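Based on the provided sequences and hints, a complete structural model is requested.
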Amino acid sequence: ETGVTQTPRHLVMGMTNKKSLKCEQHLGHNAMYWYKQSAKKPLELMFVYSLEERVENNSVPSRFSPECPNSSHLFLHLHTLQPEDSALYLCASSRAYDKANYGYTFGSGTRLTVV
Amino acid sequence: DQQVKQNSPSLSVQEGRISILNCDYTNSMFDYFLWYKKYPAEGPTFLISISSIKDKNEDGRFTVFLNKSAKHLSLHIVPSQPGDSAVYFCAASALGGGNKLTFGTGTQLKVEL
Chain A
1369 ETGVTQTPRH LVMGMTNKKS LKCEQHLGHN AMYWYKQSAK KPLELMFVYS
1419 LEERVENNSV PSRFSPECPN SSHLFLHLHT LQPEDSALYL CASSRAYDKA
1469 NYGYTFGSGT RLTVV
Chain B
21 DQQVKQNSPS LSVQEGRISI LNCDYTNSMF DYFLWYKKYP AEGPTFLISI
71 SSIKDKNEDG RFTVFLNKSA KHLSLHIVPS QPGDSAVYFC AASALGGGNK
121 LTFGTGTQLK VEL
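The listed protein sequences correspond, in order, to chains A and B. Per my numbering, residue 1369 is the first one in the first sequence, and the count goes up by one each step. Per my numbering, residue 21 is the first one in the second sequence, and the count goes up by one each step.
Hints are supplied without guarantee of correctness; some may be wrong.
[Unchecked claim] Here are the simulated lysine to aspartate or glutamate pairs, DMTMM-like style, with alpha carbons at most 25 Å apart: (1) A:Lys-1467 / B:Asp-44; (2) A:Lys-1408 / B:Asp-21; (3) A:Lys-1408 / B:Glu-62; (4) A:Lys-1408 / B:Asp-104; (5) A:Lys-1387 / B:Glu-62; (6) A:Lys-1409 / B:Asp-51; (7) A:Lys-1408 / B:Glu-132.
[To be verified] Covered stretches of chain B, going by a simulated chain A footprint (3 or more residues, C-beta under 8 Å): (8) 62 to 75; (9) 122 to 128.
Hints in this document: simulated from the structure, not taken from any laboratory. Treat the numbers as computed from the prediction; the structure is a model and nothing was measured. By construction, the Cβ of each residue, glycine as well, lies at the ideal position given by its N, Cα and C atoms.
Below, the structure is given as structure tokens:
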């Protein structure tokens, strides 16, 4: 399968649960990203991995924990979330991180609801 | 502080007419700009981009204009088609800032028959 695949598509979790979001790309890209989209807000960059090394961590609370075991996979581990963390979580990849003119390929997102 | 602004949350246009979506930015270090299109239940998809060394880039029915002095860009779609109905995001990246995109809040375009 080509493109960027995110699972699950929808997730409902309690505030005491632990869950993980998964992202997979088969494009041969070297950079992967997590973005958060809340209602009526712009997409907010959370984390960036370049060649499996985290290069950006945008003041994200520690209840969000990313993991990039290889260049094709990216995870976002979630624990003790708050209702305000409910949002669409988008994964993206790009050919590289060092140049600013590589566009992103996005996944379809995981719609997260924290109850 | 929002560095990329799309002040019109929605736009309605008749089929066949021109759609003009606007975007303003505040960071003078931005040097590459992109437009993404998003349908419901799908991720954003790349539409068109422009480098700061240009003031216009065209791809079929889509044209992006950049006015650096005004820190303004616009996306023109002509002629508009019902399949163009989607949310359009403006994004920008900064020189030396890596491939890190800053997005606007999006404009919902509705093309009516």
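Hints, verified against the model:
| no. | hint | in the structure |
| --- | --- | --- |
| 1 | A:Lys-1467 / B:Asp-44 | holds, 23 Å |
| 2 | A:Lys-1408 / B:Asp-21 | holds, 15 Å |
| 3 | A:Lys-1408 / B:Glu-62 | holds, 17 Å |
| 4 | A:Lys-1408 / B:Asp-104 | holds, 21 Å |
| 5 | A:Lys-1387 / B:Glu-62 | holds, 22 Å |
| 6 | A:Lys-1409 / B:Asp-51 | holds, 23 Å |
| 7 | A:Lys-1408 / B:Glu-132 | holds, 23 Å |
| 8 | 62 to 75 | holds (count 7) |
| 9 | 122 to 128 | holds (count 5) |
Consistency note: the structure conflicts with none of the earlier hints.
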